[in-house]
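So the protein sequences, as listed, match chains A and B. If you're matching positions, the first sequence starts at 1 in full-length UniProt numbering and goes up one per residue. If you're matching positions, the second sequence starts at 1 in full-length UniProt numbering and goes up one per residue.
Warning: the hint list may mix true and false statements.
One copy or any two copies: either way a pair holds, since identical chains are not told apart in the list.
What the hints assert, rightly or not - No more than 30 Å apart at the CA atoms, straight line, and that leaves these computed lysine-lysine pairs for BS3-like:
| hint | residue 1 | residue 2 |
| --- | --- | --- |
| 1 | Lys73 | Lys85 |
| 2 | Lys73 | Lys49 |
| 3 | Lys78 | Lys54 |
Simulated from the structure, these hints should not be mistaken for laboratory data.
There are 2 protein chains.
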Amino acid sequence: MLVLITYDVNTADAAGRRRLRQIARQCVNYGQRVQCSVFECLLDSAQCKLLQAKLLSIIDQEKDSLRFYYLGKQYENKIEHFGCKSSYLPEEPLIL
Amino acid sequence: MLVLITYDVNTADAAGRRRLRQIARQCVNYGQRVQCSVFECLLDSAQCKLLQAKLLSIIDQEKDSLRFYYLGKQYENKIEHFGCKSSYLPEEPLIL
């Protein structure tokens, strides 16, 4: 199934910026970065739980926001894109 | 239906920052801001087309990215949230 992962990480301090990098690094192992804080991941149920657990172990639940959208298996007609296609290098530091 | 709108706007210059504010201002008229660049909007087909046209008239297609995810009418079980719930004031300037 396609799982859309979106996040807002509070990057006011160095710890926040580190969390941001760690989250992106995890997500990129499982899917495609389509925007700065948006990943599309093709996951089965076990992978999804694993990724969720990893991300939850990284975020600061009082400062960061993490959302999962489950788009199912028939997702092709559920997505529309406009504008440029950004390409992000996951190994680069993410400064938002 | 629930439409998820996500965007990346190139804010390298003042024009970009203006586009970012304009996009947020449009989206907030139609739905709820759930993260910095993520809106959930309950729209019928006509509203969706209208909002899409408005947003497309704002973005710079060579610099910005705009994505729509159509989550349908049965969306309650398709969304999971973790961490803090941010509250954004749409009238505030958005500096990312």
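Evaluated hints:
Taking the shortest Cα distances, Lys73 and Lys85 sit within 30 Å of each other both inside one copy (23 Å) and across copies (28 Å). For the identical chains of this complex, Lys73 and Lys49 are neighbours both inside a copy (17 Å) and across copies (25 Å), given an alpha-carbon limit of 30 Å. Taking the shortest alpha-carbon separations for Lys78 and Lys54, both the intra-copy value of 27 Å and the inter-copy value of 20 Å come in at or below 30 Å.
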